[in-house]
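Heads up: the protein sequence lines correspond to chains A and B, in order. Just so it is clear: in the first sequence, position 221 is 221 by the UniProt record's numbering, and no numbers are missing. Just so it is clear: in the second sequence, position 264 is 264 by the UniProt record's numbering, and no numbers are missing.
What the hints contain is simulated information worked out from the structure, not anything from laboratory work. Be a bit skeptical, because a hint or two may be false.
Cut-off 16 Å, straight-line C-alpha distance, at most; resulting in silico cross-link-like pairs (EDC-like, lysine to aspartate or glutamate) [what the hints assert, rightly or not]:
#, chain 1, residue 1, chain 2, residue 2
1, A, K107, B, D23
2, A, K188, B, D256
3, A, K107, A, D173
Sample of chain A residues at the chain B side, in silico, Cβ under 8 Å [to be verified]:
#, residue
4, I17
5, A104
6, F106
A short list of chain B residues far from chain A (calculated; beta carbon distances all over 12 Å) [claimed, not checked]:
#, residue
7, F51
8, T64
9, F65
10, D77
11, G172
12, L204
13, V240
14, A287
15, F300
16, T305
Using N, Cα and C, we set each Cβ at its ideal position, and we do this for glycine too.
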Amino acid sequence: MSKQHNQRRKKFSIGRIFVYLFLTLASLVSLFPFYWMFVMATRPSAAYNSIPPTLTPGNMMVENFKKVLNQIDFFGGMWNSFILCAVVTIVVLFISSLAGFAFAKFKFPGKNALFVAILVTMIIPPQLGLIPQYFLISNAGLLDTLPGVMILFFLNPLGIFLMRQYIAEGVPDELIEAAKLDGCSNFKIYWRIVLPIILPAFATLGIIVFTAVWGEFLWQFTILRDPEMYTIQVALAQLSNTNNIDFGMILSGVFWATVPLLVIFLLFNRLFISSITEGSVK
Amino acid sequence: MNSISKKATIFKRKKYRSEEKKDMISGYLYIAPFFIIFTLIGLYPALFSIFLAFQKWNGLSPMTFNGLANFQTVLTDPLFWKSVYNTIIMGILGTAPQLVVGLVLAYLLNMAFLKFKSFFRVTIFMPYLTSMVAVALIFSVLFSNHESSLANFVLTNFFGLDPIAWKASEWGTKIAISIMVFWRWVGYNTIIYLAGIQSIPNDLYEAATVDGANKFQQLFYITIPMLKPFIILTVFTSTVGAMQLFSEPTVFLGRDAFTRDEAMTIVMYLYRDAFRLQSFGTASATAIILLVIITVFAVFNLKLTQGFGRKKRGGADE
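Just need the whole structure built from these sequences, with the hints factored in.
Shown next as structure tokens:
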């Protein structure tokens, strides 16, 4: 009886109320810019000047988005970003898993040194080679093309590191030995045995790569100068470069560019969150 | 019979050896794609940058050897030092609170009694998914120079302060940019700390409870010391990230980005030298200096976090 009483008292302790208050506040701070972006995207730019500030949605959703379409090639940008991210993700998954397989399961001279070399490349800041990289792409005639943007993103040391980890832990040596006795070639072992086992790890790495490339700005901004070839990030950045800054239009563009990713995230949030922790903690 | 089995073992050994050779070739073959691309677009440009740092070059006319003049130009340019100062200030303002708040949030999210855990986790993580360009644009409207911008409304009505020109004042720009960096990354660090906290074995806490340690003691003597590897990781990544700040100030300031100096970062200085002023030699020298700065800060912060953890553990021993 007294224990129950004790528990009940604990449930309403000040400490617990404080925890809920703090977390609720944190959630509100996280969510408010999203909500407010939606409000502004549905209001005329003038709503911005009203005091007190407008906090309820208006009816300009379509008009504001039409203005965005007049200003930038929104759908072209989304499409370019999608193609960019899809190709980069597939290529990185392939390169990383193949190399990860080699580092996890094969013996060859210099293996450890080469693996350490890959880890070292992770520390090099991407800006170090920016200028020669720009001229390399330029000389290859790949300025203003998606392949010119892609090739830099194919380099993903983290991917190799993760894949080696997964394959070393997840693919038993006996399975590979048995396949060898059956006369499987190494590539067939990779394709038929290793790949199916590490598919969950592909989801993890795929999410990391896709979201990172989707949001990257400096390199895309450097390589893509032709509005026709803009990815969505570069296109969005142009919205605040106009003479008559229209806040409703800017936030309409940002809102519609953000919504697809948010929907995907809310559907697969567990996968997203675990991919981030695994990607950085492994 | 004997000779047959001998033959069999020789055959086996031969097969084994050829198998080994095959594996070796496969090994090299499978890591080749990465190393080929790396040599082409990673290693070669990095080395070429070092070469370029000693040349005078505008991208069109032939390069001429310039000795250390590029470094001298950069290191005596007040704007470069302003950019270093800006980067460090925004780095501290943007990341230090982020790591502390992230730690607190992770600790609270792990409380056993907590309901709506996944709701809190998802909402706190959500800002990380908005791209840096999107964040900068949202905040460029929130923190516009207008007196009626939301940030100024809050400032004047709730705090009784004067409105701030967020995009044209020394501290206004820095604070606005630090807040957006904080907003985007705090959830990311929370999630990493949470994973770390969840990996701490429960019996440690049970033993501490038996010994009469309260929640705060548990936080300082168990959770934080056990989280050390995760803290080191986040301190390292956010230090390196902070030194490379580019997108947020560039997009936040829009067309003023490369003409104003309140928020010019080292990478923006580099970009401006290279792609606005066509001075590729000095830009490359800046890239090398940036590498040195990043290394120094990363090592310094690593030492700092390691020392901090050690002290804490010493405290627990007493």
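Now for the hints, and whether the structure bears them out:
Distance hint between K107 (chain A) and D23 (chain B) is fulfilled; the C-alpha atoms sit about 7 Å from each other, no more than 16 Å. Of the pairs offered as hints, the one joining K188 (chain A) and D256 (chain B) is violated, with about 56 Å between alpha carbons and a cut-off of 16 Å exceeded. The hinted pair formed by K107 (chain A) and D173 (chain A) meets the criterion: a straight-line CA distance of about 13 Å does not exceed 16 Å. Violation of the interface hint for I17 (chain A) is found here, the shortest Cβ-Cβ separation to chain B being roughly 12 Å, above the 8 Å cut-off.
Interface restraint check: A104 (chain A) against chain B, minimum CB-CB distance 10 Å, threshold 8 Å, status violated. Below 8 Å, beta-carbon pairs count as interface contacts, and F106 (chain A) has one with chain B at about 4 Å; its hint therefore holds. Non-interface status of F51 (chain B) relative to chain A is broken: a Cβ of that chain comes within 12 Å, the nearest being about 9 Å off. Every CB of chain A lies more than 12 Å from the CB of T64 (chain B), the least distance being 17 Å, so the non-interface label holds.
The beta carbon of F65 (chain B) sits about 17 Å from the closest Cβ of chain A, which is more than 12 Å, so the claim that it is off the interface holds. The beta carbon of D77 (chain B) sits about 18 Å from the closest Cβ of chain A, which is more than 12 Å, so the claim that it is off the interface holds. Distance check for G172 (chain B) against chain A: the nearest CB is about 17 Å away, which clears 12 Å, and the non-interface claim stands. The claim that L204 (chain B) lies off the interface holds: its Cβ sits roughly 19 Å from the closest Cβ of chain A, which is beyond the 12 Å cut-off.
Its closest Cβ contact with chain A, about 7 Å, brings V240 (chain B) to no more than 12 Å, contrary to its assignment away from the interface. The non-interface label for A287 (chain B) is inconsistent with chain A: the shortest C-beta to C-beta separation is roughly 5 Å, within 12 Å. Every C-beta of chain A lies more than 12 Å from that of F300 (chain B), the closest at about 15 Å, which supports listing it as non-interface. For T305 (chain B), the condition that its CB be more than 12 Å from all CB atoms of chain A holds, with the nearest at approximately 16 Å.
Violated hints, listed in ascending order, are 2, 4, 5, 7, 13 and 14; each of the other numbered hints is respected by the structure.
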